[in-house]
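A.B. asks: The lines below spell out each chain.
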Amino acid sequence: MVLKTKKPFLETKDLTVGFGGQVVLDGVSLAADAGGIVCLLGRSGSGKTTFLRTLNRLNDEMGAVTKGSVNLFMDGRWCNILAPRTDLLNLRRKVGMVFQTPNLMPVSIAKNILVPLRLTSGLGKKQCRARMHKVLEQTQLWQEVSHRLDEPALSLSGGQQQRLCLARCLALEPQILLLDEPTASLDFKAGRRIEELLIHLAKSYPMLVVSHSPAQAERLAQAAFVFDSGKVVHKLDKSSIHRHLLEECITGSAK
Amino acid sequence: MTGKDRLIYFLAWSCALVTTTVVCGLLGFIAWQGGAVLGPALFFGDAPAWPAISGQVPVWDGIWPACVGTLVLVLLAASLALPFGLGCGLYLAILAKGRKKAFCSLCINQLAGTPSIVMGLFGFAMILFLRRTFVPGANTCLLLAGVCLAVLILPYIVRATQNAVEAIPLTQRLIGPSLGLTLWQNMVYSILPQASRGILGGVILAVGRAAEDTAVILLTGVVANAGLPRGVLGPFEALPFTIYYLAAEYRSQSELQTGFGACLELLILTALLFVSARWIQRKIENTWY
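Line by line, the protein sequences are chains P and Y.
Position 78, counted from 1, in the first sequence is what this note's numbering calls 78; the numbers after and before it change by one each time, with no gaps.
Position 80, counted from 1, in the second sequence is what this note's numbering calls 80; the numbers after and before it change by one each time, with no gaps.
One should not assume that every hint holds.
Said to hold, decoys possible - Computed from the model, here is a short list of chain Y residues facing chain P with C-beta under 10 Å:
hint: 1; residue: I53
hint: 2; residue: E166
hint: 3; residue: L170
hint: 4; residue: T171
hint: 5; residue: R173
hint: 6; residue: L174
hint: 7; residue: L181
hint: 8; residue: S190
hint: 9; residue: P193
Unchecked claim - The calculated SDA-like cross-link candidates involving lysine to any residue, where the alpha carbons are at most 25 Å apart (straight line), are:
hint: 10; chain 1: P; residue 1: K125; chain 2: Y; residue 2: L183
hint: 11; chain 1: Y; residue 1: K101; chain 2: P; residue 2: D60
hint: 12; chain 1: Y; residue 1: K97; chain 2: P; residue 2: K125
hint: 13; chain 1: P; residue 1: K125; chain 2: Y; residue 2: I284
hint: 14; chain 1: P; residue 1: K94; chain 2: Y; residue 2: L183
hint: 15; chain 1: Y; residue 1: K283; chain 2: Y; residue 2: T270
Stated by the list, open to error - Now the in silico label distances, taken between C-beta atoms and shown as ranges:
hint: 16; chain 1: Y; residue 1: V135; chain 2: P; residue 2: A83; range: 53 to 61 Å
hint: 17; chain 1: P; residue 1: T16; chain 2: Y; residue 2: I8; range: 32 to 40 Å
hint: 18; chain 1: Y; residue 1: T114; chain 2: P; residue 2: G63; range: 29 to 37 Å
hint: 19; chain 1: Y; residue 1: L11; chain 2: P; residue 2: G63; range: 36 to 44 Å
hint: 20; chain 1: Y; residue 1: R197; chain 2: P; residue 2: G63; range: 23 to 31 Å
hint: 21; chain 1: Y; residue 1: L183; chain 2: P; residue 2: K189; range: 37 to 45 Å
hint: 22; chain 1: P; residue 1: K189; chain 2: Y; residue 2: T114; range: 53 to 61 Å
hint: 23; chain 1: P; residue 1: R85; chain 2: Y; residue 2: K97; range: 21 to 29 Å
hint: 24; chain 1: Y; residue 1: F274; chain 2: P; residue 2: R85; range: 20 to 28 Å
hint: 25; chain 1: P; residue 1: S146; chain 2: Y; residue 2: K97; range: 41 to 49 Å
hint: 26; chain 1: Y; residue 1: G28; chain 2: P; residue 2: D60; range: 32 to 40 Å
hint: 27; chain 1: P; residue 1: R85; chain 2: Y; residue 2: W279; range: 40 to 48 Å
hint: 28; chain 1: P; residue 1: G63; chain 2: Y; residue 2: F274; range: 35 to 43 Å
hint: 29; chain 1: Y; residue 1: F103; chain 2: P; residue 2: S146; range: 47 to 55 Å
Because the hints were derived from the structure by calculation, they are not lab data.
Ideal Cβ positions, reconstructed from N, Cα and C, are used throughout, including at glycine.
Just chain P, same shape as in the assembly (with noise of 0.2 Å):
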């Protein structure tokens, strides 16, 4: 699959979230386009991360109170995923996030992909081997790791983990892809690396990042949107994504 022309896949209106009575999102409305990456910065506790975790609902997992609606484009339709029958289970699978640190399980490189692949698909062994074949194609993994796959996961470079966590989720087949600040915890090569490896993949998904750095936005973007406490106060597209723009958006120097 791949997405060539711009079909929004995200519309969130008034949405605030709090947590036992601290609101941490205020009133955010915002729409985003599949077919590039639309990235989300801004300060620490601007309300980044949680915003993205609405997405998948894992903040229901903290205790969170959600009001507003947030729209996503899955299964060729609009799905209210704040409405109460929705079906979580099927949401994070959907939906699919990587982590701001690699979140491995301690054991083989293999059994993190294959298991959490058997019990939410059903497939069976072959298929579930091909599946993990594939994904670690798809993240550039398996050159690496191929002839070491039953080797403990966390014997790997923290690079090489991120994109095990992605493939992790990929292997899933997630319609949209959510990433934390996923280069937090690297150097710069690992870094640059994974930055490619989104490029590439946002040809197939839409995704959302969460950036810490005006430079890597301007890298990767074709959208960007600053938060400040709570709130969306600058949206931004491809021809105006310059790093010294977002700066002065992100320390609110900017009109």
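Using the hints, position chain Y against chain P.
C.D. replies: Chain Y only, in chain P's frame:
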């Protein structure tokens, strides 16, 4: 290093030294006293070994029936307490919120603070109640002692499970939910394997506690010279009780020596249980999936 740094260094070092010395001294003394009598005679007395092991010949002067009794008792108590302890610990760490959590925690703390003699008395009173009401033939037995011991060790397992699960970092805890695993799959395939090391610590404490406790079994079914346990509804012997009555009522030096031999045997038994618990935990960690 400043003066205070040196003081902390010295205190930490000497505390470690004192602890190690006390433990080694204790183990050395028991090994020295008990090691002298360690042999077939300690376990089986005058009875021939193989028939005694299989229970064809009764053992009068050996500690073999007490070894078997303690082993069965500990396994019974642990297998009763483990499912409840794990479940309760997971509930407290993941599902319980607010007042329910506070109340449940209070109950667990209360249970942890209950002296074992009270637990034994509770078991004894329960049998008296059963005799007067529904089951006139009820008597103190292995099952009753196992149940009372399970209640006694429950808080260790609950707290260890809760602490181990709460110690898992948030992003590691979110692996299961973010991949769309069900609550059950998340618990079994993600949370428990990640917490298994911490839980093992609690299980070891619990097993040690169950193996050494004398007060509970004293009131709930232990009998000197009961022989090998015939079933969960019968009387039994146990090592801590054997040690207790040998130490309190020995008539000859050799009986006291037998008591030390039983001490050593109890230590060896618990050490073996710890090793097997660790082995099971490693198996779970490596081949859980």
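A.B. asks: Would you mind marking each hint as holding or not holding in the structure?
C.D. replies: Results for each hint:
1. Hint status for I53 (chain Y): violated, given a least beta-carbon distance of 41 Å to chain P, over 10 Å.
2. At a threshold of 10 Å, the smallest CB-CB gap from E166 (chain Y) to chain P is about 14 Å, leaving the interface hint violated.
3. The interface hint given for L170 (chain Y) holds, since its Cβ lies 8 Å from the closest Cβ of chain P, which is under the 10 Å cut-off.
4. A hinted interface residue such as T171 (chain Y) counts as satisfied when its beta carbon comes closer than 10 Å to some beta carbon of chain P; here the least separation is about 4 Å, so the hint holds.
5. Contact between R173 (chain Y) and chain P, as hinted, is supported at the beta carbon level, the nearest pair being about 8 Å apart and thus within 10 Å.
6. The interface hint given for L174 (chain Y) holds, since its Cβ lies 6 Å from the closest Cβ of chain P, which is under the 10 Å cut-off.
7. Because the closest C-beta pair between L181 (chain Y) and chain P is about 6 Å apart, less than 10 Å, the hint holds.
8. Hint on S190 (chain Y) holds. Least Cβ distance to chain P is approximately 7 Å, under the 10 Å limit.
9. Nearest Cβ of chain P to the Cβ of P193 (chain Y): about 7 Å, under the 10 Å cut. The hint holds.
10. Distance restraint check for K125 (chain P) and L183 (chain Y): the Cα-Cα separation of roughly 23 Å lies within the 25 Å cut-off, and the hinted pair is therefore satisfied.
11. For the given pair, K101 (chain Y) sits about 19 Å from D60 (chain P) by alpha-carbon distance, which is consistent with the 25 Å threshold.
12. A distance of roughly 39 Å separates the Cα atoms of K97 (chain Y) and K125 (chain P); the hinted pair therefore is violated under the 25 Å criterion.
13. For the suggested pair K125 (chain P) and I284 (chain Y), the alpha carbons sit about 21 Å apart, so the restraint of at most 25 Å is met.
14. Restraint check for K94 (chain P) and L183 (chain Y): the C-alpha separation of about 18 Å stays at or below 25 Å, so the hint holds.
15. Between K283 (chain Y) and T270 (chain Y), the direct Cα distance comes to roughly 20 Å. Compliance with the 25 Å bound is thereby established for this hinted pair.
16. Checked against the hint of 53 to 61 Å, the pair V135 (chain Y) and A83 (chain P) passes, with Cβ atoms roughly 55 Å apart.
17. Evaluation of the 32 to 40 Å hint for T16 (chain P) and I8 (chain Y) yields a failure: the beta carbon distance comes to about 50 Å.
18. For T114 (chain Y) paired with G63 (chain P), a C-beta distance near 33 Å keeps the hint of 29 to 37 Å intact.
19. The hinted window of 36 to 44 Å between L11 (chain Y) and G63 (chain P) holds, with their beta carbons roughly 42 Å apart.
20. The hinted range of 23 to 31 Å is satisfied by R197 (chain Y) and G63 (chain P), whose Cβ atoms lie roughly 27 Å apart.
21. At about 40 Å, the CB distance of L183 (chain Y) to K189 (chain P) agrees with the hint of 37 to 45 Å.
22. Distance hint for K189 (chain P) and T114 (chain Y): a CB-CB separation of about 59 Å, consistent with the stated range 53 to 61 Å.
23. Look at R85 (chain P) against K97 (chain Y): about 23 Å separates their beta carbons, and that is inside 21 to 29 Å.
24. A hinted range of 20 to 28 Å is violated for the C-beta pair F274 (chain Y) and R85 (chain P), which are about 49 Å apart.
25. A C-beta distance of roughly 45 Å is found between S146 (chain P) and K97 (chain Y), which places it inside the suggested range of 41 to 49 Å.
26. Look at G28 (chain Y) against D60 (chain P): about 57 Å separates their beta carbons, and that is not inside 32 to 40 Å.
27. At roughly 46 Å, the beta-carbon separation of R85 (chain P) and W279 (chain Y) lies within the given 40 to 48 Å, and the hint holds.
28. For G63 (chain P) paired with F274 (chain Y), a C-beta distance near 38 Å keeps the hint of 35 to 43 Å intact.
29. About 53 Å separates the C-beta atoms of F103 (chain Y) and S146 (chain P), a value consistent with the hinted range of 47 to 55 Å.
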